[in-house]
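Take a look at the letters that make up each chain.
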Amino acid sequence: ELKVEQNPLFLSMQEGKNYTIYCNYSTTSDRLYWYRQDPGKSLESLFVLLSNGAVKQEGRLMASLDTKARLSTLHITAAVHDLSATYFCAGRYTSGYALNFGKGTSLLVTP
Amino acid sequence: DTGVSQDPRHKITKRGQNVTFRCDPISEHNRLYWYRQTLGQGPEFLTYFQNEAQLEKSRLLSDRFSAERPKGSFSTLEIQRTEQGDSAMYLCASRSGTDNVLTFGAGSRLTVL
Chain R
1 ELKVEQNPLF
11 LSMQEGKNYT
21 IYCNYSTTSD
31 RLYWYRQDPG
41 KSLESLFVLL
51 SNGAVKQEGR
61 LMASLDTKAR
71 LSTLHITAAV
81 HDLSATYFCA
91 GRYTSGYALN
101 FGKGTSLLVT
111 P
Chain F
1 DTGVSQDPRH
11 KITKRGQNVT
21 FRCDPISEHN
31 RLYWYRQTLG
41 QGPEFLTYFQ
51 NEAQLEKSRL
61 LSDRFSAERP
71 KGSFSTLEIQ
81 RTEQGDSAMY
91 LCASRSGTDN
101 VLTFGAGSRL
111 TVL
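For the record, the sequence lines run as chains R and F. According to the working numbering, the first sequence holds residues 1 to 111 in order. According to the working numbering, the second sequence holds residues 1 to 113 in order.
A short list of chain R residues far from chain F (calculated; beta carbon distances all over 12 Å): (1) Y19; (2) S26; (3) T27; (4) A69; (5) T77.
Simulated coverage check for chain R against chain F, where a stretch passes if three residues somewhere in it have a Cβ under 8 Å from a Cβ of chain F: (6) 45-56; (7) 96-110.
In short, the hints are calculated from the structure, not lab data. The structure presented is a predicted model; accordingly, all values stated were derived computationally and were not measured. Think of the CB as a built atom: it goes at the ideal place given N, C-alpha and C, for glycine as much as any other residue.
Sequences and hints are given; from them, build the entire structure.
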């Protein structure tokens, strides 16, 4: 089974600052996902990363994947309050179907 | 296309009762997943269907839980003899065979008293 660890689990940052959320996974994965969840809402897909070195960007968020290090990062540039949410990464074991999620990073952006 | 629909959105039941949740995936999606999420945790995988075939179940899934997808379209998740520990949000997600994006429904919240 693929295990996913995120850090930090809680992050409070000021508007305008940059920060990175880290996602480590335990074994071979053929795809890595990032999701956003607002309180009381379901999960919204942000990125799907399929290959080593993949980088995707949307607005102030950029995700990357290093399959050799079994590491994905979600970089936040010049944070704004609207980015406050919980961010999950999830990976799928190469020989399986299940998508396994990390515990999530709860992000709070303050003025 | 209205996305992934789940019903009911909220269910309150007494311990020992059976409950059933329904998921209607996006119409062209042949792959369907059930997850459970408790407060402050990430979604926990329960089971996966490809068309009508149930191809993977979590080893942690109690035998009180059963899921079906009889015609490869909607799916049901039944919990028998509910326990207080079953209280959670039950999420359904679907995707097509050619698209890697997993789309989640709004979830069915279960409270067991």
